[in-house]
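Visitor: Chains as they are written, first to last, in our numbering: chain A, 31 to 97; chain B, 98 to 467; chain C, 16 to 257.
None of these hints come from the bench; they were simulated from the model.
There could be a bad hint or two in this list.
Said to hold, decoys possible - Below, a sample of chain C positions facing chain B; criterion: calculated Cβ distance under 10 angstroms:
1. 34
2. 77
3. 78
4. 83
5. 85
6. 91
7. 95
8. 97
9. 152
Ideal Cβ positions, reconstructed from N, Cα and C, are used throughout, including at glycine.
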Amino acid sequence: MARITIDKEKCKGCFLCVAFCPKGLIKKSDKLNKRGANPAEFHETDACLGCAMCAVICPDCCIEVYK
Amino acid sequence: MKMKTKILISGNEAMAEGAIQAGCRFYAGYPITPQNELTAYMAKNMPACGGEFIQAESELAAINMVYGASAAGARAMTSSSSPGISLKQEGISYIAGALLPAVIVNIMRGGPGLGNIWPAQSDYFQATRGGGHGDYRTIVLAPSSVQEAYDFMPLAFDLADKYLMPAMILADGMLGQMMEPLVVVRRPSAPSEVEGSSVVRGRNTEDEIRTTKKWALTGCKGRPANVVKSFFMKEGALEIANLKAQKKYRAVENKEQRWEGLFLDDAKIILVAYGSMSRIAKSVVVQLRQEGKKAGLIRPVTLWPFPRKIFEQLSRKKKRPAFFVTEMSYGQMVEDVKLALECRCKVDFFGRSGGGVPTEGEIIKKVRLL
Amino acid sequence: MNKVFSHPKSLRNIATHYCAGCGHGIAHRLIAETVDELGIREKVIAVAPVGCAVIAYEYWDFDCSEAAHGRALAVATAIKRVRPDNIVFTYQGDGDLAAIGTNETIHAANRGENLTVIFINNAIYGMTGGQMAPTTLLKQKTATTPNGREASFHGYPLKISEMLALLAGVKYVERVSFFSPQQVIKAKQAIKQAFLNQINNTGFSLVEILSPCPTYWGKSSKESLDWIRDVMTKEFPLGRIK
Numbered sequence: 031m032a033r034i035t036i037d038k039e040k041c042k043g044c045f046l047c048v049a050f051c052p053k054g055l056i057k058k059s060d061k062l063n064k065r066g067a068n069p070a071e072f073h074e075t076d077a078c079l080g081c082a083m084c085a086v087i088c089p090d091c092c093i094e095v096y097k
Numbered sequence: 098m099k100m101k102t103k104i105l106i107s108g109n110e111a112m113a114e115g116a117i118q119a120g121c122r123f124y125a126g127y128p129i130t131p132q133n134e135l136t137a138y139m140a141k142n143m144p145a146c147g148g149e150f151i152q153a154e155s156e157l158a159a160i161n162m163v164y165g166a167s168a169a170g171a172r173a174m175t176s177s178s179s180p181g182i183s184l185k186q187e188g189i190s191y192i193a194g195a196l197l198p199a200v201i202v203n204i205m206r207g208g209p210g211l212g213n214i215w216p217a218q219s220d221y222f223q224a225t226r227g228g229g230h231g232d233y234r235t236i237v238l239a240p241s242s243v244q245e246a247y248d249f250m251p252l253a254f255d256l257a258d259k260y261l262m263p264a265m266i267l268a269d270g271m272l273g274q275m276m277e278p279l280v281v282v283r284r285p286s287a288p289s290e291v292e293g294s295s296v297v298r299g300r301n302t303e304d305e306i307r308t309t310k311k312w313a314l315t316g317c318k319g320r321p322a323n324v325v326k327s328f329f330m331k332e333g334a335l336e337i338a339n340l341k342a343q344k345k346y347r348a349v350e351n352k353e354q355r356w357e358g359l360f361l362d363d364a365k366i367i368l369v370a371y372g373s374m375s376r377i378a379k380s381v382v383v384q385l386r387q388e389g390k391k392a393g394l395i396r397p398v399t400l401w402p403f404p405r406k407i408f409e410q411l412s413r414k415k416k417r418p419a420f421f422v423t424e425m426s427y428g429q430m431v432e433d434v435k436l437a438l439e440c441r442c443k444v445d446f447f448g449r450s451g452g453g454v455p456t457e458g459e460i461i462k463k464v465r466l467l
Numbered sequence: 016m017n018k019v020f021s022h023p024k025s026l027r028n029i030a031t032h033y034c035a036g037c038g039h040g041i042a043h044r045l046i047a048e049t050v051d052e053l054g055i056r057e058k059v060i061a062v063a064p065v066g067c068a069v070i071a072y073e074y075w076d077f078d079c080s081e082a083a084h085g086r087a088l089a090v091a092t093a094i095k096r097v098r099p100d101n102i103v104f105t106y107q108g109d110g111d112l113a114a115i116g117t118n119e120t121i122h123a124a125n126r127g128e129n130l131t132v133i134f135i136n137n138a139i140y141g142m143t144g145g146q147m148a149p150t151t152l153l154k155q156k157t158a159t160t161p162n163g164r165e166a167s168f169h170g171y172p173l174k175i176s177e178m179l180a181l182l183a184g185v186k187y188v189e190r191v192s193f194f195s196p197q198q199v200i201k202a203k204q205a206i207k208q209a210f211l212n213q214i215n216n217t218g219f220s221l222v223e224i225l226s227p228c229p230t231y232w233g234k235s236s237k238e239s240l241d242w243i244r245d246v247m248t249k250e251f252p253l254g255r256i257k
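My request is simple: use the sequences and hints to build the entire structure.
Guide: In structure tokens:
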């Protein structure tokens, strides 16, 4: 059991987290944030490994991981 | 009581000793004639005082080392001669912009370009107008003897610290190389201030720096992080910073004008000269007085702020004196004299540069023609 | 559930001015994590460059000095000499460290100053609009090499890390990259080593990071990382250089 949180307002929508999530649990949000980007969005399921690859590659330090 | 002693020493070495006495504990420089004795003196004497000496890879590196040392809370200085000072201008602008105290010695030589190694006063504009990019000023002190070269160092450091801006000692190769008797305070050879690793290598202890230089980079223990910078990206922020600086410069102009006057009360012709040139001008004035001519002398000690007050005062006399400016340049300080007099008095000029020094005979000849 | 990955204390929790996918943000975070883990936040003094990272001091929550373009290592040299007990590092881009500041870089390294250098190599000038950097690859198009960098005209990509490794004063040089999370973890280890070296008075340590600049490479964030992996590392091989 693990999950992540994404700071949607800080996210600039580079989607490196999307590219590196081994389970494909992060997607581009349909909604715009205040900076005008479609932030990344975590699709909460039991499949998250808590591997933190998303957080490690995030250039904007938007992701925190819970396990 | 401080032990005083009289020694024979060159102007360059006197400045180095004066700086050490003033608590300067960081020196970085790059070799250039005619100021090398200053650097060598620092190399020899700085380590014994617990200070740092670095022969930098360039003048650019040297001035930026001074920036770093000052940011870290030390009293820091560099020295060079005209072409080297041109290279340092970038760093001096950053020091001014970052509100750091620092002392720069310029032992002027002939220019432009590589010029030659003979004495000159051709860097007056560069020194008094800021020199580098941006709206800033440096305090400029012009010693005229080896004793003054020594005495002005603590003054330069104190002014730099007080106003958080660079201060420059503007002298020339003649004064740098000249040897004269100097009354110095004998300093202890091994100051206790370097004992213990927690004590910063400077005049002040770590505690003193943390209280008197609250902006210094000491590590953010027990306080918010400090930043030393001259970059202001937010709209309007740079203008605010510049206006603050201008206010400070106006305060310096009001409070720190220094000059020496001779026979000003009844003088009809007043010679104006600074540094080495003022000694020649002084001889001329004495000679003219012996001939019965009412000559006087103003020797600006601070070149920036320029001592406008005395010129203004004299130019408002009922019988206005005439002025004769002489420089080892083709006319730089003369512009400040004219600005201060605001066309109320006649101003004449004689100067030589590129190795030539106006002689007493030449000046007297010119003055007699007036 | 426990938090297993959180925002480092030494990094202020604010959005940076960097473009989406820019490597500076990762580098800033790794340094902040290292500073936290080594417990040196109150002793650290950073020297920021001129370039995209000029306002790094807005993001790190420790003492920081700005330096003129290329002069970071002269400034850092003096800070460290004045304060040998503080931990002093510079953070410099390829233009800052390997073009305008080459002299300061080489001589600080050669003096063996006990400093840590984090060198961001993204093969381009980002802040000024994507001009050729000393590390720009052959054939790479930039604002000032519109037809691609040509060896006969622009010279070759400068391998400053290899050059510095030749100097006796240099104790540690490693080239790392950000092309995958695994590589980021390796980069963190190298950064930590470079800080530990300073703490242990080992001497001059430099970590070169191959870092993405999607904006001026004209690539997506992921394509940029792939370009580092497939192209950039051919010219700038990863690993310990010294």
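Visitor: Take the hints in turn and mark each one as holding or not.
Guide: Results of checking the hints against the structure:
1. 34: 16 angstroms, violated
2. 77: 5 angstroms, holds
3. 78: 4 angstroms, holds
4. 83: 5 angstroms, holds
5. 85: 8 angstroms, holds
6. 91: This hint holds: residue 91 of chain C lies near chain B, its Cβ roughly 6 angstroms from the closest one there, short of 10 angstroms.
7. 95: 8 angstroms, holds
8. 97: 4 angstroms, holds
9. 152: For residue 152 of chain C, the interface hint is violated, since the closest Cβ of chain B sits about 29 angstroms away, which is over 10 angstroms.
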